[in-house]
Amino acid sequence: GESVGLHLPTLSVQEGDNSIINCAYSNSASDYFIWYKQESGKGPQFIIDIRSNMDKRQGQRVTVLLNKTVKHLSLQIAATQPGDSAVYFCAENLNMNYGGSQGNLIFGKGTKLSVKP
Amino acid sequence: EAEVAQSPRYKITEKSQAVAFWCDPISGHATLYWYRQILGQGPELLVQFQDESVVDDSQLPKDRFSAERLKGVDSTLKIQPAELGDSAMYLCASGLGFFSEGYEQYFGPGTRLTVT
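Residue numbers (this note's numbering), protein chains in the order written: chain S, 1 to 117; chain F, 1001 to 1116.
Heads up, a few of these hints could be off.
No more than 27 angstroms apart at the CA atoms, straight line, and that leaves these computed lysine-lysine pairs for DSS-like [unchecked claim]:
hint, chain 1, residue 1, chain 2, residue 2
1, F, Lys-1015, F, Lys-1078
2, S, Lys-112, S, Lys-68
3, F, Lys-1062, S, Lys-68
4, S, Lys-112, F, Lys-1015
5, F, Lys-1011, F, Lys-1078
6, S, Lys-109, S, Lys-68
7, F, Lys-1078, S, Lys-56
8, F, Lys-1062, F, Lys-1011
9, F, Lys-1062, S, Lys-116
10, S, Lys-56, S, Lys-68
11, S, Lys-56, S, Lys-109
12, S, Lys-109, F, Lys-1071
13, S, Lys-116, S, Lys-71
14, F, Lys-1015, F, Lys-1062
15, S, Lys-42, S, Lys-109
16, S, Lys-42, F, Lys-1078
17, S, Lys-68, S, Lys-116
18, S, Lys-116, S, Lys-42
Per label pair, the in silico range of CB-to-CB distance [to be verified]:
hint, chain 1, residue 1, chain 2, residue 2, range
19, F, Ser-1016, S, Met-54, 16 to 26 angstroms
20, S, Asn-67, F, Gly-1040, 35 to 45 angstroms
21, F, Gly-1040, S, Asn-18, 36 to 46 angstroms
22, S, Lys-42, F, Lys-1015, 38 to 48 angstroms
23, S, Arg-61, F, Lys-1015, 24 to 34 angstroms
Pulled a few chain F residues facing chain S out of the computed Cβ check, cut under 8 angstroms [to be verified]:
hint, residue
24, Pro-1008
25, Gln-1041
26, Pro-1043
27, Gln-1048
Everything labelled a hint here was simulated from the structure, so no lab data went into it. Quantities reported herein were computed from a predicted structural model and do not represent experimental measurements. Positions of the beta carbon are idealized from the N, C-alpha and C atoms, including for glycine.
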């Protein structure tokens, strides 16, 4: 799993501010990307996903942006709350036509988000 | 809300002993995954099942690890013999596994293994 990585290992933000978590991927054949949130001692929790034919997708308080030109993925969290404090992972799925397995996700190392009250 | 169940939540074992983990995926999910997560890192896939068949076990250390999903529902991951380097969180996930639905995987709470 070295094809997905994160620019910043830790991010500290003030409550109410917007957070941006970045992720770089190296495999241009990846066709699906997903963000997970993992709280201490728990399994990863799905946040939002995006296919490679899209460049933006919005959810509740979260937005994922995909820039295929520079192979960059970002997660934006609006009005960050203390409950958002966790480690965030991006993951990619390599297209089956390029050697990937259907549904096989490759995870990056994660970014720890700390929200200051 | 349906969840992936795993047991035990915590396991302490001595090296060279055998250990087993159990996973019950969300009902109706054909695809089941076992991951290993070392503290501070992202999950790494060990094995992927589609129903009862192994789809990908290229990262599974087959000399000591085995996994089965005999009836295509719940699954067991076994380590024999356990080594100190096996200490990690073992996560199970399930999903629909069809591209039209996305590759969203739902994770269980994990089993924290400590090998002494």
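Evaluation of the provided hints:
1. F:Lys-1015 with F:Lys-1078: With Cα atoms ~14 angstroms apart, F:Lys-1015 and F:Lys-1078 stay inside 27 angstroms; holds.
2. S:Lys-112 with S:Lys-68: holds (24 angstroms)
3. F:Lys-1062 with S:Lys-68: Given that 27 angstroms is the threshold and the Cα spacing comes to 36 angstroms, the pair is violated.
4. S:Lys-112 with F:Lys-1015: violated (32 angstroms)
5. F:Lys-1011 with F:Lys-1078: holds (13 angstroms)
6. S:Lys-109 with S:Lys-68: OK: S:Lys-109 and S:Lys-68 at ~20 angstroms, within 27 angstroms.
7. F:Lys-1078 with S:Lys-56: violated (41 angstroms)
8. F:Lys-1062 with F:Lys-1011: Holds, at about 21 angstroms.
9. F:Lys-1062 with S:Lys-116: violated (45 angstroms)
10. S:Lys-56 with S:Lys-68: holds (11 angstroms)
11. S:Lys-56 with S:Lys-109: The hint holds at about 23 angstroms.
12. S:Lys-109 with F:Lys-1071: violated (34 angstroms)
13. S:Lys-116 with S:Lys-71: Status violated; Cα separation ~31 angstroms.
14. F:Lys-1015 with F:Lys-1062: Distance of about 17 angstroms is within 27 angstroms: holds.
15. S:Lys-42 with S:Lys-109: Distance of about 16 angstroms is within 27 angstroms: holds.
16. S:Lys-42 with F:Lys-1078: The given pair, whose Cα atoms are some 21 angstroms apart, holds under the 27 angstroms limit.
17. S:Lys-68 with S:Lys-116: At roughly 33 angstroms apart (the allowed maximum being 27 angstroms), S:Lys-116 and S:Lys-68 break the hint.
18. S:Lys-116 with S:Lys-42: holds (21 angstroms)
19. F:Ser-1016 with S:Met-54: 16 to 26 angstroms: Once the Cβ atoms are compared, 50 angstroms apart, the range 16 to 26 angstroms for S:Met-54 and F:Ser-1016 is violated.
20. S:Asn-67 with F:Gly-1040: 35 to 45 angstroms: Cβ of S:Asn-67 to Cβ of F:Gly-1040: about 27 angstroms, so the range 35 to 45 angstroms is violated.
21. F:Gly-1040 with S:Asn-18: 36 to 46 angstroms: Violated, since F:Gly-1040 and S:Asn-18 (Cβ atoms, about 26 angstroms apart) do not stay within the stated range.
22. S:Lys-42 with F:Lys-1015: 38 to 48 angstroms: Taking Cβ atoms as reference, S:Lys-42 and F:Lys-1015 lie about 27 angstroms apart, which means the hint is violated.
23. S:Arg-61 with F:Lys-1015: 24 to 34 angstroms: violated (45 angstroms)
24. Pro-1008: violated (14 angstroms)
25. Gln-1041: holds (6 angstroms)
26. Pro-1043: holds (5 angstroms)
27. Gln-1048: It holds, given that the least Cβ distance between F:Gln-1048 and chain S is near 6 angstroms, below 8 angstroms.
Checked against the numbered hints given earlier, the structure breaks hints 3, 4, 7, 9, 12, 13, 17, 19, 20, 21, 22, 23 and 24 and satisfies all the rest.
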